[in-house]
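What follows is each chain in one-letter form.
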Amino acid sequence: MANATLNSKTRLFTIIMWALSILMIIPFIMMVLISFRIPGDAYKPFFTLLRPTLKNYAMVLGHKNFFDWYRNTLFTVSTTIILRLAVTLSAAYAFARMEFRFKHLLIGLLLLTLMVPGETTMVPRYLYFKSIGLLDTSWVIILPEVAQVFYLVLIIEFFRSIPNDFCEAALIDGCSSLRILLSIFLPLSGPIITTTILFSFINIWNNFLDPYLFINTISRQLITPAMKYFQETGGANIPGQLAGASLAIIPVILLFIFTQKFFVEGVTSSGIKG
Amino acid sequence: MKQLAQRRLNLTPYLYILPFMGFFALFNLYPLLYGFIISFLDRNNARKLLSNTFVWFENYHKALTLSTTFASLWRTVVFTTIFTALVMGLGFLFAVLFNKEFVGRKVARSMFYMPYVTNLIAVGIVFKYLFNPSKGPVNALWRLVGKSGPEWLLDPSLALIMVAVIGAWAALAFNVITILAALQEVPRDLYEVAQIEGVNPIQRIRYVTLPLIAPHLFTLLTITLINSFKNFTTIIGLTGGGPGTATQVMSLQIYNDAFIHLKFGIAAAEGVLFTLFIFLVNSLVNQARKRWLTQH
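Chains as they are written, first to last, in this note's numbering: chain B, 1 to 274; chain G, 1001 to 1296.
Calculated directly from the structure, the hints in this document are not laboratory data. Just to be clear, a hint being listed does not mean it is correct.
Stated by the list, open to error - Here are the simulated lysine-lysine pairs, PhoX-like style, with alpha carbons at most 25 angstroms apart:
#1 G/Lys1147 to B/Lys44
#2 G/Lys1135 to B/Lys55
#3 G/Lys1048 to B/Lys9
#4 B/Lys261 to G/Lys1128
#5 G/Lys1128 to B/Lys55
#6 B/Lys130 to G/Lys1230
#7 B/Lys130 to G/Lys1048
#8 G/Lys1230 to B/Lys44
To be verified - Derived CB-CB ranges, DEER-like:
#9 G/Leu1093 to B/Leu74: 14 to 20 angstroms
#10 G/Val1096 to B/Gly133: 50 to 56 angstroms
#11 G/Ile1161 to B/Gly40: 30 to 36 angstroms
#12 G/Leu1284 to B/Leu109: 17 to 23 angstroms
#13 G/Ser1148 to B/Lys44: 17 to 23 angstroms
#14 G/Val1096 to B/Thr194: 43 to 49 angstroms
#15 G/Leu1262 to B/Leu23: 41 to 47 angstroms
Note that beta-carbon positions come from the ideal geometry of N, C-alpha and C, so glycine has one too.
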């Protein structure tokens, strides 16, 4: 008897949790469903039989700049990731494993800047990037993204967790510090490199503020601000806008689904160790 | 000879951090300091964008006497309060719920995390559709009950709450994941002891779980507050600051003053003031954390 009530309780709990989870993604379900309607049917009731169409996708994909946006975004994302990994892995190695003067002062300074959102520095960044001729290029997004404190802290934490014995053995064998980084730390860094790539991809792909401010020419734009442009110039074609939005989020959602474990680990280590 | 080796040894760490610090100084730190400088310069119309005329505190004076500044700051506070309360509160609630086993928990959890990886412009497009006052599905459901629904994002008294709630929906997963991880650090036997003592679930959370994960919650609160100030994209995507100025928060005012009204000097001063405000909020949280930690 007690078991039966326990079971029905568990079942109720399961149903509630599933209902809430589905509620969380209803906006996505609606986004995809409505994107297959013809513009005139956008606001027709949900359950009415409709004629599905691929026209909206044809329209978005047919925009003369659509593949430019994808290409620009992929170029920006991949270049940033390569540069970011190179400079951040090497800096994190020194911060995690070496003692030197001003180390704690530097870390303190770096952490302090984490508190300043990009929203507050729109003006100086715009004027500065303008004066050094970076505006309207992919580099205006890439260069400031290379040295991000968030990823530095993430990798420092990871390097600190690698047992000391490995390095001591290598030091006794007369290995240089560069050798230790390349042949001991790097091979062990698979998980944290994956997390970095994943987070970099998601963040740069979804970045709106910077490209919106710094890139004007529509053919040079990245995918997320381009969706805003689509929204502004597409008039009242809601299904068209939603088709664009779907195409903009699909790569990130797919990536997320296949790499969830690393995603959760990345959030955990940044949220807990802060 | 030995001295030379020593010196070389000491230089090594700096060589490792040099590329990172170089990029950081050139593209992240310098613009920050440059903003401070601009806030003292007369760069307040299109022809003076690179002017170097020093005007002392005129920009600060203008920024603080603009009627819009305190209204925008107030809206920022409202947005931050609603956003932070929802993300922290619901984040805790759902972390506790997802900490229990149930069928298909993994799949349900990834569905729950999905909004977090989605870009906020797409979010804006779909929520504007869902909450369209006259034709949208939400008000269609509302009408089934008989009444015509609220104007949602187009209602000046509701719009700010709406953008904060939708922003919270998009940001929730980060807090759920973090608190879940913190919960898994709580030793199992403590719960068993509580069970033997006949403690009910609410008391268990109040007296066992909360005190143990409180340090994590303070860290998370700091991160959540900082994230709540990164609200430009959420609001541009949903309302663009409207209706009227109903959702014009500080970040939008800085944007408007600089890129619409071309008052870069004043906007830079607003940026500096806003940064100081954020530091102030953070130091208050820090004080609270310290006081809490010394009490427990």
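Cross-check of the supplied hints:
1. Between G/Lys1147 and B/Lys44 the alpha-carbon distance is near 19 angstroms, which keeps this suggested pair within the 25 angstroms criterion.
2. At most 25 angstroms may separate the alpha-carbon atoms for a hinted pair to count; G/Lys1135 and B/Lys55 meet this at roughly 22 angstroms.
3. For a cut-off of 25 angstroms, the pair hint linking G/Lys1048 to B/Lys9 is broken: about 69 angstroms separates their Cα positions.
4. Our distance criterion of 25 angstroms between C-alpha atoms is broken by B/Lys261 and G/Lys1128, whose separation comes to about 32 angstroms.
5. Between G/Lys1128 and B/Lys55, the direct Cα distance comes to roughly 22 angstroms. Compliance with the 25 angstroms bound is thereby established for this hinted pair.
6. The hinted pair formed by B/Lys130 and G/Lys1230 meets the criterion: a straight-line CA distance of about 23 angstroms does not exceed 25 angstroms.
7. Only pairs whose Cα atoms come within 25 angstroms are accepted, and B/Lys130 paired with G/Lys1048 is accepted, the gap being roughly 14 angstroms.
8. Distance restraint check for G/Lys1230 and B/Lys44: the Cα-Cα separation of roughly 35 angstroms exceeds the 25 angstroms cut-off, and the hinted pair is therefore not satisfied.
9. At roughly 38 angstroms, the beta carbons of G/Leu1093 and B/Leu74 sit outside the given window of 14 to 20 angstroms.
10. Checking the proposed 50 to 56 angstroms range against G/Val1096 and B/Gly133 shows it holds: the Cβ atoms sit about 53 angstroms from each other.
11. Take G/Ile1161 and B/Gly40: their Cβ atoms lie about 32 angstroms apart, and the range 30 to 36 angstroms holds.
12. Against the hinted window of 17 to 23 angstroms, the Cβ-Cβ separation of G/Leu1284 and B/Leu109 comes to about 22 angstroms, which satisfies the hint.
13. Checked against the hint of 17 to 23 angstroms, the C-beta distance between G/Ser1148 and B/Lys44 comes to roughly 19 angstroms, which is consistent with it.
14. At roughly 29 angstroms, the beta carbons of G/Val1096 and B/Thr194 sit outside the given window of 43 to 49 angstroms.
15. Between G/Leu1262 and B/Leu23 the beta carbons are some 44 angstroms apart, a value that agrees with the proposed interval 41 to 47 angstroms.
Going through the hint list in order, the structure does not satisfy hints 3, 4, 8, 9, 14.
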